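K.L.:
Taken in order, these protein sequences are the chains called A and B. Counted from 1, the first sequence has number 245 at position 245 by this note's numbering; the numbering is strictly sequential. Counted from 1, the second sequence has number 343 at position 343 by this note's numbering; the numbering is strictly sequential.
Heads up, some of the hints might be wrong.
Unchecked claim - Calculated lysine-lysine pairs in the BS3-like style (CA-CA distance at most 27 Å, straight line):
1. Lys11/B / Lys107/A
2. Lys98/B / Lys132/A
3. Lys225/B / Lys133/A
4. Lys132/A / Lys77/B
5. Lys223/B / Lys151/A
6. Lys53/A / Lys223/B
7. Lys75/A / Lys7/B
8. Lys291/B / Lys111/A
9. Lys7/B / Lys151/A
10. Lys75/A / Lys223/B
11. Lys64/A / Lys128/A
12. Lys287/B / Lys53/A
13. Lys287/B / Lys108/A
14. Lys14/A / Lys287/B
15. Lys132/A / Lys11/B
16. Lys225/B / Lys75/A
17. Lys133/A / Lys291/B
18. Lys107/A / Lys223/B
19. Lys291/B / Lys108/A
Hints are computed from structural coordinates only; laboratory data are not their basis. Keep in mind the model is a prediction, meaning the values are calculated, not measured.
Chain by chain, the residues:
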Amino acid sequence: MIVEVKNLVKRYDKLLALDHLNLAVKKGEIFGLLGPNGSGKTTAINCILSLLKYDKGSIEIFGKPMRPDAYDIKKNIGIIMQNVAVFEELTVYENISYFCSLYVKDKKEVKQLTEEAIVFVSLQDFTKFLPKKLSGGLLRRLNIACGIAHKPGLIILDEPTIAVDPQSRNKILERIKKLNENGATVIYTSHYMEEVEQLCSRISIIDKGKVIATGTKDELKNMISLGEKITVEAYNLKEEQLDEMMRISNIAQVDYSDNLLEIKSKKGKNNLIHILDYLQSHDINFGKIFTEMPTLNDVFLEITGKELRD
Amino acid sequence: MAFQLYKTRIKCLCRNYEIIFWSFGFPLFLAIFFYMGFNNLAKGESIDTIPVAAVTEDGGENEFIRTMEAVQITKDKRLFKVELKTLDDARAMLQNDKIAGYIVYSDKPVLHIKNMGIEQSIVKSFVDSYLSRKGTINNISNSIDINQEEANKDFTDVLAGYKDYLVDGRAGDKNPDYTLIYFYTIIALTCMFGTNWGFREMVDIQANQSAVGARINISPVHKMKLLSCNLLAAFTLHYLSILFLLAFLNKVLRIELGQRTGMILLTCMLGSFCGIALGAMVCVAVKTNVKVRGAILNVIVMGGGFLSGMMIVDVKYMIAAKAPFVGYLNPSSLITDAFYCLYYYDGYNRLFENLFMLCILTVVFGAVAYFEIRRREYASI
Ligand SMILES: Nc1ncnc2c1ncn2[C@@H]1O[C@H](COP(=O)(O)OP(=O)(O)OP(=O)(O)O)[C@@H](O)[C@H]1O
Ligand SMILES: [Mg+2]
Chain A
1 MIVEVKNLVK RYDKLLALDH LNLAVKKGEI FGLLGPNGSG KTTAINCILS
51 LLKYDKGSIE IFGKPMRPDA YDIKKNIGII MQNVAVFEEL TVYENISYFC
101 SLYVKDKKEV KQLTEEAIVF VSLQDFTKFL PKKLSGGLLR RLNIACGIAH
151 KPGLIILDEP TIAVDPQSRN KILERIKKLN ENGATVIYTS HYMEEVEQLC
201 SRISIIDKGK VIATGTKDEL KNMISLGEKI TVEAYNLKEE QLDEMMRISN
251 IAQVDYSDNL LEIKSKKGKN NLIHILDYLQ SHDINFGKIF TEMPTLNDVF
301 LEITGKELRD
Chain B
1 MAFQLYKTRI KCLCRNYEII FWSFGFPLFL AIFFYMGFNN LAKGESIDTI
51 PVAAVTEDGG ENEFIRTMEA VQITKDKRLF KVELKTLDDA RAMLQNDKIA
101 GYIVYSDKPV LHIKNMGIEQ SIVKSFVDSY LSRKGTINNI SNSIDINQEE
151 ANKDFTDVLA GYKDYLVDGR AGDKNPDYTL IYFYTIIALT CMFGTNWGFR
201 EMVDIQANQS AVGARINISP VHKMKLLSCN LLAAFTLHYL SILFLLAFLN
251 KVLRIELGQR TGMILLTCML GSFCGIALGA MVCVAVKTNV KVRGAILNVI
301 VMGGGFLSGM MIVDVKYMIA AKAPFVGYLN PSSLITDAFY CLYYYDGYNR
351 LFENLFMLCI LTVVFGAVAY FEIRRREYAS I
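Chain A with its partners taken away, still in its complex shape (with noise of 0.2 Å):
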C-alpha cells in the first residue's frame, strides 16, 4: 500500500469532520475520493500530510508511519492544494524553481525539472508572468507545476480543477493520467463524478467523513440495486398505465413528467423490449428513446438518500 489511512477521527471543536475514516491506496493507481461538498476530503488529505493534528487514527505512507519530521517521505510527494498556493511576487518560472529547490538539492537539477515541469503543463509562453497575469486555468496550471516539478512518487490533488473551464479541465486530467502513465500513484479529490468517473481506477466514495463506498467504478455501480435507466418521450399517459408498468417485472421505478417517461431498471435487466411493447400495444405514441447505465451519483443516492451535487 502506497497510503493507508485507518480509522482516522478529526474533529473541529465540536463537529465531527472525519468519522472513522478508511482509505488503502494501492501502487500505481489513481484513487478516487469522490465526496459532496462538505464531505472531509481536504480535511482527510490535510491529516494525510502532518498537516493538520487528528484526534484518533494512524496514517502510513510508502508503509511508514507519517509525521511532520518524516521528511523520506515528504521528499516523495507532490500535493496541489484546493487553494492556488503561490508567491504572488514571483514569476511562473521562479515559483516553480522555488518549490523544487525545497525538494531538490543540485542547482542543475532543479533548473532542469522546473522546465520540464513548465513544459508538461504547456506554460512555456508564460514564464516570465506574474500569478496574476495569469487566466485561471492557467493559475492552475501553475499550481499543478509547482507541486509536481519534483517527480514525486505519490501525487495528491485536492480539486484541482475547480473554477477552471472544462477544456481547461480537460486538459488538466489529460496530464494527471500522463503522471500516473509514467509511473506515479494518485489521489484525486473531486464533487464531480464525471471526473472522478473518467479518471479513476478506484475511488472511494464519502459523505460525512465516512467511506460509504470503495472499488472500482463498475464495483460500485454493481452494488445498487438499480440497472440502466430508460427515458422515453411519450405523450398523454394515464395514472393507471403507470401502475401497470410498475407491474412489468424487474422495473424498479417508473416517473412521469413533461412527457418523458423515465424508467429505471433493477440490476442487470433488459427490459426496453418489455416497455416498448406495453407503449405499442396500448396505442401510446412515443418519440425520442435512450437509456443509460447508472452514475456514481445514483450509487450516492442510493445510499445516502440524496445527490452527490446540490
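On the provided structure of chain A, position chain B with the ligands as indicated by the hints.
P.N.:
The following block gives chain B with the ligands in isolation, referenced to the frame of chain A:
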C-alpha cells in the same frame, strides 16, 4: 541551496512594492517634509544667547542672577545675557524688543514678557525650575537644622544639576538643536517598519495563515531553517532601507548623527531586529484575520512613533517625566533616545541602557513568536 532560497526570497520581498514603499520611500518623504518645515525653525532653535533684563531692589546682583549668568549653551557661550536695569528701562527695552523679558526680583524672581516665544519659554522654564528647586532646598534646611553654609552648598549642587539638565551634559561643542529629535524619530520609525517584514514572514511560513505556508509545511525542509533563511532576507532589505535613510539624512540633508558610526550601525541593527520581532509577535499573537492584524500593527507602530515624540517632541519629554516605563517599553523611544545619546553625550551609559532594553524587548517578542510557530501540526487550517 540555502543561498538560492535566500536569493529568491529577496527577489520576492523586493517586489512587494507596498512594503518597499513604506520602508524606503515613506521615511524619505517624511524626512524631506520635516526638513522643509524645520529649515527656518532650526536656525532659531540653535539657540543664541538670550538677552534678559533684571530689576533688583538694590540694583545689584544676587544669587539668582549669578546662577542665570552661569548657565552655558556651549563652553564659552552663555544662555542668558542679564543686564541690571531700572524697572522703567526694562519695560522700555521689552517694548522695543531689545530683550526677551525682564525679571523683577524682590523676594523671588517674577518674569515679565510681552509675548511667548521659544526664548521666553526657556527663560520661563529656568525661572520655574529655580523656584521649585529653591523651594525644595528651603524645605530641607527648615526641617533639618543644618547650617547656612551647608545649605548654600546644597543649593549650588542642585543648581549645578539644573545646569546639567539644561545643557544636558552634552559634549561641549554641540548646539542644542531640538529638531534633530524629529529626524531621530524617523530613523526609529523606519526601524519599526521592520514589523511589516516580520509580519509577512510569519504569514508565509504558517500553514494556517497562507496557502504557500501550507505548501512549505508539507515540503521536506526544516521549517525553522527556511524561516531563518527568510528572516535573513527580510533583515537584509530592512537594514538596507535604514542605511539608505541614514545616508540620505546625513549626506543630503546634512543632519548630524554624531561621529560614532559603529554605534550608529549597531543601534540601527538592534532596532531593526526589534521591529522584525515585533511584527512577528503581533502576527502570531493576535488571533484575527490578516487585515485586522495589519491594522493593529500600524496602530502600534504609529502610536509608538507618536509617543517617542515624532509628531510633537514634547510628548517624549512628558512621557520621560510622567511615565518613564512607557518609554522603556516603546522601541521607538529607545531608538530615538539612543540616537539622541549618540549625538549629545560622550558617555555610553544611557546609550547602553537603551540598547539593552531594546535587546530585551527583541528577545521577548521573538520568543513569543517562536513558541507559536515552532509547532508543525495545526488544529485547524
Ligand atoms: N478550519 C475549520 N474549522 C472548522 N470547521 C471546518 C474547518 N475546515 C473545514 N471544516 C468543516 O469540516 C467539514 C469538512 O470540510 P472539508 O473542507 O474537509 O470538506 P471538503 O470535502 O473538502 O469540501 P469541498 O468539496 O467544499 O472542498 C465541513 O463541514 C467544514 O465546514
Ligand atoms: Mg475541499
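K.L.:
Given the proposed pairing of lysine 225/B with lysine 75/A, does the C-alpha separation stay at or below 27 Å?
P.N.:
16 Å, holds
K.L.:
For the pair supplied as a hint, lysine 291/B and lysine 111/A, is the alpha-carbon distance within the 27 Å limit?
P.N.:
With a Cα-Cα distance of about 36 Å, the restraint between lysine 291/B and lysine 111/A is violated, given a limit of 27 Å.
K.L.:
Please verify whether lysine 225/B and lysine 133/A have alpha carbons no more than 27 Å apart.
P.N.:
31 Å, violated
K.L.:
Would the pair lysine 64/A and lysine 128/A pass a check requiring their Cα atoms to be no farther apart than 27 Å?
P.N.:
40 Å, violated
K.L.:
Hinted pair, alpha-carbon criterion (27 Å max): lysine 133/A, lysine 291/B. Please report holds or violated.
P.N.:
23 Å, holds
K.L.:
Against the 27 Å threshold, does the CA-CA distance of lysine 107/A and lysine 223/B hold or violate the hint?
P.N.:
20 Å, holds
K.L.:
Given the hint that lysine 14/A pairs with lysine 287/B, test it: the Cα-Cα distance must not exceed 27 Å.
P.N.:
20 Å, holds
K.L.:
Could you grab the alpha-carbon distance between lysine 287/B and lysine 108/A and see if it respects the 27 Å cut-off?
P.N.:
42 Å, violated
K.L.:
With a cut-off of 27 Å on the C-alpha distance, tell me whether lysine 223/B and lysine 151/A pass.
P.N.:
Given pair lysine 223/B, lysine 151/A holds - Cα atoms ~22 Å apart, limit 27 Å.
K.L.:
Under the criterion that the straight-line Cα-Cα distance not exceed 27 Å, is the pair lysine 291/B, lysine 108/A satisfied?
P.N.:
40 Å, violated
K.L.:
Check whether the Cα positions of lysine 75/A and lysine 223/B lie no farther apart than 27 Å.
P.N.:
14 Å, holds
K.L.:
Quick one, are lysine 7/B and lysine 151/A close enough, alpha carbons at most 27 Å?
P.N.:
Given pair lysine 7/B, lysine 151/A holds - Cα atoms ~24 Å apart, limit 27 Å.
Violation of the numbered hints given earlier is confined to hints 2, 3, 4, 8, 11, 13, 19; the remaining hints are satisfied by the structure.
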